[in-house]
Amino acid sequence: MSSINVSNLVVKINDLEILHGVDFFMPENTVIGIVGESGSGKTTFVRSLMGILPAGGAAAGEYEIDGENVPLPGDEKSWGNVRGKKLGLIMQDPFTALDPRTKCGKQITAPLPKGEADTFDISAALSEVGLSPDVANKYPFELSGGMRQRVVIAAVLALNPEILVADEATSALDVIIQEEILDLIVNIHEKKNTPLIIITHDLRILSSRTKTVLVFKDGEIVERGLTAEVISDPQNPYTKELLEAGKPGLRDVRLTFPNSKELMKAEHLNKHFGAQQALDDVNIDIFFDESVAVVGESGSGKTTLARTIIGLEQADSGTITFAKDCPSSVQIVFQDPYSSLNPAMKIGSILKEALRTAGRPESDVAELLEMVEIPFDFASRRPAQLSGGQRQRIAIARALATKPNLLICDESVSALDVIIQRKIIDLLICLREKEKFSMLFISHDMNVVRELADRVYVMKDGKVVEGGDANDVWNNPQNEYTVRLLNARLTEI
Amino acid sequence: MKKFFLELSLGSKISLFILVVIALWLIFPALFGANHIPQDIITGVQPPGTAGHLLGTDSLGRDVLKLTIAGTRSALIGPLVIATGSIILGLLLGSLAGWYGGKVDWIISRYADITLSMPTLLLAIVAAGIIGGGYWVSVLVMTILYSPFDIRLVRSAVIGEKHKPYIEAGLVLKLKTIRILARHIFPNIAIVVMVNFFLNIAYGLMSMSSLSFLGLGVSPGSADWGRQLADSRGILWGNPAAALSAGIAIIITAVAINTIGNNFVQKKSL
Amino acid sequence: MAAAKFIAKRLAEFVVSIAVLSFVVFSLLFLSPGDPARVLVGTKSVNPDLLASIRAEYHLDDPFFSQYFRWLGNALHGDFGQSIKTEVPVTEMIGPYLKITVELVLFSLILALIIGLLLGVIAAKRRGTKLDGAINAFALLGTSAPSFAVGLLLLYVFAYLLGWFPIYGSGDGGFLDTINHLTLPAISLTFVVCAMLIQITRSSMLGQIDKDYAIFMQARGVKPLRITTAQLRNASGPILTSIGLLLANLFGATILIETTFALPGLGNLLASSVTMKDVPVVQFVTMVLAVMICLSSAVVDIAVYFADPQSRSFKRLKLGAES
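Protein chains in written order, with this note's numbering: chain A, 1 to 493; chain B, 1 to 270; chain C, 1 to 323.
There's no promise every hint is true.
[Unchecked claim] DSS-like, lysine-lysine: derived pairs with alpha carbons at most 27 Å apart: (1) A:K403 to A:K261; (2) C:K130 to A:K12; (3) B:K13 to C:K130.
Bear in mind the hints are in silico, worked out from the structure with no lab data behind them.
For reference, chain A alone in the conformation it holds in the complex (with noise of 0.2 Å):
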């Protein structure tokens, strides 16, 4: 039975002051959400809690935990009784989380005292997150991301914290992974009485796990209280356009035209990396003014086949033909905004080039800018200059400087933190309707696509397992897997 209370609690990294007085009460046996989009401190103020900031940073404050005081900035020693013990931090990211070079068994015990260590039940402690016992002998490497975090929640166990955070602990993992993992983080909670925190940006997570929760941006907590109640009735601007930002789409009215012509057809196609078989005999089509969305876990082949549609991937059999009075231009936007512009070159110069290569006038270079609703301005800076969503606009006007037939998004929007993710998509949508083109878009998040699509595929392991309308597939799935996939993230706000 344990309480935290902090009041006035501020945290500088080198002077940069990135908590600006946080108060904040944890009343025994709840659970708390904290949400936030990344850099507005939710991070960082859970890891002051632990003293485990980065280098250079500090922390001052009133912080009791349990009626004891807990000095700020604190020692080694003063902390040795808080870190594990008091709090146990479940990371994020089970593919580093843990030790590379040790075995998993030997990790769990790594901070109990000799004695300890040789006594403690590793098999039990496995069980109790559902691993089995060999795990012990593994290395992290031989484990999938779901057994890492399952290892990773036993290490944290191992010490009987008294209460739990998990920051963002399901993020980096698929989501049927996620929900597992969720369950086992609320399961324990429920059985040891232990409070738990959860920090999360998923909208979803949080109305359906937490009980109260805490809004931070920019350091500050902007909004606090029940969750339902913050989720029905917000009061703070930011609150309300996070959760408007979070909310999925109901797309009523389709902006395609039922158009029988065919733009690309992709036939029969097989693809292999070594023994893994990334495309099974794939058969997808575009028509003209269609948007397609092809979804999966990562390991599906999506990415691949959007790859081999474009050319950057040759299927090793099979054929992909473009209609044949159109020209087949594809143009792609990636994933990830922070690579995929040319660091060494202006905004201005990236677009001239792509407008070179359609025959266009270096003039246009405006037009695409104003298109994409970036200042003119922003041309002559460089891409380090912007931000992640400005970067993922200029990515997008690149790609239509050609005015292609197809637009590939692969993943485009999953980097984007929530409110810029449905900017961007409102973008796409907006741009569809004004220029007119076919949209392939691969992703793995059910409500983005729901958004997007017309029609939708379902891929598994390579194979296309489910394809058709969007809404039927939405409203009335007929494989079993898509079902899985609807349900995990279906939890409606």
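Based on the hints, put chains B and C in the right spot on chain A.
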């Protein structure tokens, strides 16, 4: 340019100043009266501080300061040629291997593996000593044996960039290969290549002066830092400055070059 | 299977390197200006009969490649010919030289490993502090100073000015006397080679400092020393690789240091034989040094391979995210 200079650390500013002085020594030795150094065998060794000879004279009665200034040329021309030659080889072979991959990559990479496993200094010493005509033979040997570092560096930098989305976007726009390499890849790997260029000059300086210290490459008595060190070893007691000034010249120059090189590394990581 | 394949590949590389080297080394005789026979005569007075007998003895009129393969065949049986100067078979004369070089190199290697790893780890842990700055400056100086210049400076200060150490030679063979004579040379060597180790240790440790696993360990209250050990283990790849390079540098620098301190080691023998154009000695010493350099780098590469559990395992699972 002014902003660039002001942003440099104190160490880099000092290094830049040293390199400017060294460059003047290299290009205009006459400015320092170092184009003609009279011998005075009868007087022979004089300690530092002797009238007219700030650092004294060596066993041939030559002014040590002027001798050191005159030695710059022989000490640095070779390293500059080595670094330039090796970077040209590196850019050429490295980008071929990195960009085209497959068989081209295999052949170039095996060539780099083999030359990389050769003991550079050892082969340069042996080749320069046995073949004779020392200086330029050792420059050639070292250029060839330094190049695998540049080849590997450029190759892995090109491979690292090749699969980045901005390059793939260029491919989708159907840009010409040469344009992608020149406009997109080279500017983004320029810094790593520059850093290695500076490193190569510094290593070249040390290796070439090692050779002349062993009496290879340059004839006895000629103005060259390594040679000067070797020639004046015997008079360490009479005029320590004769040997030490050459040694210190080598060390300071190499430190300055490495500092400037490191400056690029730090710029990159910002 | 993967491991066996890797070792086979690395050993094949070693053999090819040595083969190429042997070819270069053999060609030396023919690359030297003038008649190879005259080179082999050395300083003896030249007369046509002697030249003719040397041509016959060395089969100098045979085609180049058949000479090479004869030389290689002999070399593989331990026959590298005899020294032109002393007329003793080269393989018999290098024993004492080899002993000094190996002693010197091992002495410096141990010193360099201790100092390099320690300073590198400390610099990384204390990054941005004055101590880090001082260690960096020390390393910068080490990478910028040729061994012979350092040697001469140390010689001047500690042997001439202070008289703490002997000036020349390797001593009378007693253990303490050997140490006494080898200390300055070993310090010079250590200084120039440990700089690289410091830099590589520091930068690969820095790469591990902010890694999630280290933060996760810290968050569970794992002892700092244990975290550092884990980080060092994860940083060991580049560090081990650099030890191969460090050994190669040591063998190169020892040639200069032995000359500077007049130590009768392999390097000194090589340098003087090069000057005398005593080709068989040069060929043999070069091959000995080259084999040691190439072999140590092969051994290090194999060690790096086995230090990583991921490359050790048979099935390399690829479980990263697709995108």
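Each hint tested on the structure:
1. Note on K403 of chain A and K261 of chain A: the hinted pairing holds, with a Cα-Cα distance of about 19 Å set against a maximum of 27 Å.
2. Our distance criterion of 27 Å between C-alpha atoms is met by K130 of chain C and K12 of chain A, whose separation comes to about 22 Å.
3. Proposed proximity of K13 of chain B and K130 of chain C is supported: the alpha carbons are some 20 Å apart, at most 27 Å.
Hint violations for this structure: none, all hints satisfied.
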